[in-house]
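Asks: Here's the letter readout for the chains.
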Amino acid sequence: MSAAAPLLEVSNLCATFAGAGREVRAVRGASFTIEVGQTLGLIGESGSGKTVTGLAILRLLPAHASVSADRIAYRGENLAAMSDDEFRRLRGVELGMIFQDPAGSFNPAKRIGWHLREAIRRRGGEVERWEAEAGDMLREVGIRMPQRVLGAYPHQLSGGMLQRALIAMVFLLRPALIIADEPTTNLDNLVERQILALIRAHQAKVGAAILFVTHDLGIAGALCDRIAVMYAGEIVEIGPAAAVLERPLHPYAQGLLATSRSLERADAELHELPGEPGGVPPEQGCAFAPRCIHVMAACRERHPAMTEVEPGHGARCLLHER
Amino acid sequence: MGAFASGLTRTAQRFGGVVLIALLGAAAVFFALRAGQGDPALAALGDQATPEAVAAFRARWRLDDPLALQFGRWLAGAATGDFGASMVIASGEPIAQLIASRLPNTLFIGAYALALAISISLTAGVVAALRHGRFVDGAATSAAVLGISMPDFWLSYVLIYALALGLGLFPSYGFTAPSASFAGALYSGFLPALAIAAPMAAAFTRMLRTALLETLHRDHVRVARSLGHGERFVFVHHVFRNALIPYVTVIGLQVRYLLGGTVVVERIFGVNGLGSLMVDAAFARDYPLVQACALVFLVCVLIVNFAVDLVCAQLDPRRA
Amino acid sequence: MRGRLAAALANKLALFGGLITSLVALGVLAGPWLSPYSPTDADFLALLAPPSPAHPLGTDSFGRDVLTRILYGARVSFAVSVSGVLAAALIGTAAGLGAAWLGGLWSAIVMRVCDLLFSFPSFVLALFMMVVLGYGVANIAVAIALIYIPIFARLSRNMALLVRDEPYVQAAILIGQPTRSILMREILPNIAAPLFVQIALGVAFGIVIEAGLSFLGMGVQPPAPSLGAIMADGREYFSRAPWVLTLTGLAVSLALLGLNLLSDGIRDVMDPKLRAKL
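Protein chains in written order, with the working numbering: chain A, 1 to 322; chain B, 1001 to 1320; chain C, 2001 to 2278.
In short, the hints are calculated from the structure, not lab data. Be aware that a few hints might be false.
To be verified - Computed list of lysine to any residue pairs in SDA-like fashion (alpha-carbon distance at most 25 angstroms, straight line):
id : chain 1 : residue 1 : chain 2 : residue 2
1  : A       : Lys110    : B       : Asp1316
2  : A       : Lys110    : B       : Val1236
3  : A       : Lys110    : B       : Gly1077
4  : A       : Lys205    : A       : His320
5  : A       : Lys110    : B       : Arg1241
Said to hold, decoys possible - Computed spacing ranges between beta-carbons, pair by pair:
id : chain 1 : residue 1 : chain 2 : residue 2 : range
6  : C       : Ile2109   : B       : Gly1133   : 54 to 60 angstroms
7  : C       : Ala2079   : B       : Leu1063   : 35 to 41 angstroms
8  : B       : Leu1024   : A       : Gly47     : 16 to 22 angstroms
Glycine included, C-beta positions come from ideal geometry on N, C-alpha and C.
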């Protein structure tokens, strides 16, 4: 456990689902690192494998999924070598996750207070004064009447309230790494901004690292130190947030950015990526080749390797391979 | 406070619904029998009865009063536990006494069967769901399908043949009332209770297994795992706890089959219960007795369902 | 992997159920032509004969071939059960659809009547109807119908309320399609699968009710055979000739098993969205 070890190191992560009659390779060789206190944005269209990556790290995929990796290390310790029970003890208190759908994230038969109390108990905190601690945390995530929320059942609260309570529950466990899976997707703009602000405030306060899964480049730019772009289960570009957003290397990242800019300016002519997203990636060559405007003959034959173009900023594209 | 008060109001509303159904039931039972083809006088006196005897009988039982008056009189009596007197089987004896001596046996057998069905199905359902897709699951599921294909009276004879006549473990006939000896009632009531319980247990097991498997894939279960809660904690508080809601609901729906099952099974095993009393009354066409038995059975189901409703409201805050 | 295995297994079980049911149906329909014996004529040379090549399921106390009695008895049992359940399906579904469509007072009345019928222990209701109507085959069908009407009424009402909010039904209402054609063309086909499941389960349960009543001696009267009547008969000399009761019981179980597996199968191929809502 050297001091230089990153908080999380993932190398060649693969996740495969055995579907009806065929295998779906949802994540194909994802590699990245997250340093202590840093935020890595994982962006891409739906179905690109972002969420599965997060769930695979936490070992939360259903039984019909198989996961492999060369290395998944947390603070230098190899997670893959751990038994399920050993790994379970890390979950929540070291590696936490904020899920997409706050309404489904709580047990409908139990009060919010019960969920928070059990989270405190799980951390090994003082269960006797759970109400005070949970109330403080709810106030921190912007809930003005914590007592009412603690006594409420999930179906009695709005989506925004539930998302705040869910975030409070995850924060109560004080994880050093939080995987946030599109935590604001179903919320309106104002609530979204408030929630992002409180995540950032909490991060500044406790120094947690975040793996932020989103399809929104604006959010990623505002929140992240580094950004990884996923396409068809692969990370096609990774680098410092400013570099990726200002000088995208991969044609897919370039297209994504152009689309998002034209949306921001409400342009009459919308930059659209040609073709359909997702689908089954081809057996050989670059997965993006069928939709790429710079496609070359070699793209359909050779699978590009991750190439570092400037320090810490690389892409998986033959245009940049030497 | 407000929630508590509204909970009370809902309970009161539910209770009102129960009373309404009981009243409707009393009316339905009373008027259906009057509209039926049978003549109570001929049933009691025989087909060769003289007109004078029939007239005397009708006068004695006040059968010539207007129907509404007869119904009012009967209902007022029934509300205070007075069902009048038996016409045929135990002519002149108060029906309330007959029922009071028989009902505890039926309730005992019913509760016994329910307890057996619940313990069998809780075990089998949980084991099958936890070992989903494995051998135990297949065995439990197949046993359940076979179980619901075994009508209780036919199963009764299988049990008598195997466990009573074959192995001599249990008596094949006769029942010791729980008031005389509780242990004796548990022993002599085992086979009839099991005969009623087996198909119920099969139905409950299927329900519980499905509910558990379905709940296992809910988001909040995955969230609980992401917090690092132990498997046992997640299963008890997030899976089993929630699967109990449909499970208890189905128990409520099956009570009418369970109590119905006592009728034939009591006959087969010689249990002196309300079911066998009603069969005797039906054969003898003892109209007031049939009427009273049907109403008491109805009220039993209503009470159990009312209790199940309250439990469900406790289990499921969305339904409270 | 497990999901697929379960689906394949469920399909196989459904197929198996369909196979058993067709076999039983064949026996019921072709029974009289399958057996050389009479179901009612006594044969005093073969009293209580155990199963043998001549009498595969043995004979009863009148020397009558048990298999023949079962084949004829199943005809009666099935006829009673099927007619009772179909009547319940017709009346219950009509009442339930009416309640969903008209709402208000009609819905309240239908639902209270259903609550009432649903609150009688099933067999107690059947027994009670035997006293009101008298013993006999047709009256058993009436009792079965009364037991099953509330199930069909509730099911069809709840389903119709769900389907009514679907866009295609709303569209049909907006373009002014007449109510009757909306009910028949848009709603009924979409709630048919769960109704079929209930019919299969109901026929199975109806057989149990008929057998129970006849077993008590209130249903089909001797010497006419029905599954319950044969079992009641077999009970009398159960210790001397256990095959009469036991093998008839097995025949009942076989019929029920087929129907139960079949209804499980229909349920499995049902629209999962609809299934989740039930």
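Asks: If a hint holds in the structure, say so; if it doesn't, say that too.
Replies: How the hints compare with the structure:
A distance of roughly 9 angstroms separates the Cα atoms of A:Lys110 and B:Asp1316; the hinted pair therefore holds under the 25 angstroms criterion. At most 25 angstroms may separate the alpha-carbon atoms for a hinted pair to count; A:Lys110 and B:Val1236 meet this at roughly 13 angstroms. Distance check on the hinted pair: A:Lys110 and B:Gly1077 sit about 46 angstroms apart at the alpha-carbon level, beyond 25 angstroms; violated. Between A:Lys205 and A:His320, the direct Cα distance comes to roughly 40 angstroms. Violation of the 25 angstroms bound is thereby established for this hinted pair.
Annotation: proposed proximity of A:Lys110 to B:Arg1241 holds, straight-line Cα distance about 10 angstroms (limit 25 angstroms). Our hint of 54 to 60 angstroms for C:Ile2109 and B:Gly1133 is violated, since their Cβ atoms are close to 47 angstroms apart. At about 37 angstroms, the beta-carbon gap between C:Ala2079 and B:Leu1063 stays in the expected band of 35 to 41 angstroms. Roughly 56 angstroms separates the CB atoms of B:Leu1024 and A:Gly47, a value that falls outside the hinted 16 to 22 angstroms.
Going down the numbered hints, you'll see the structure goes against 3, 4, 6, 8, while the others check out.
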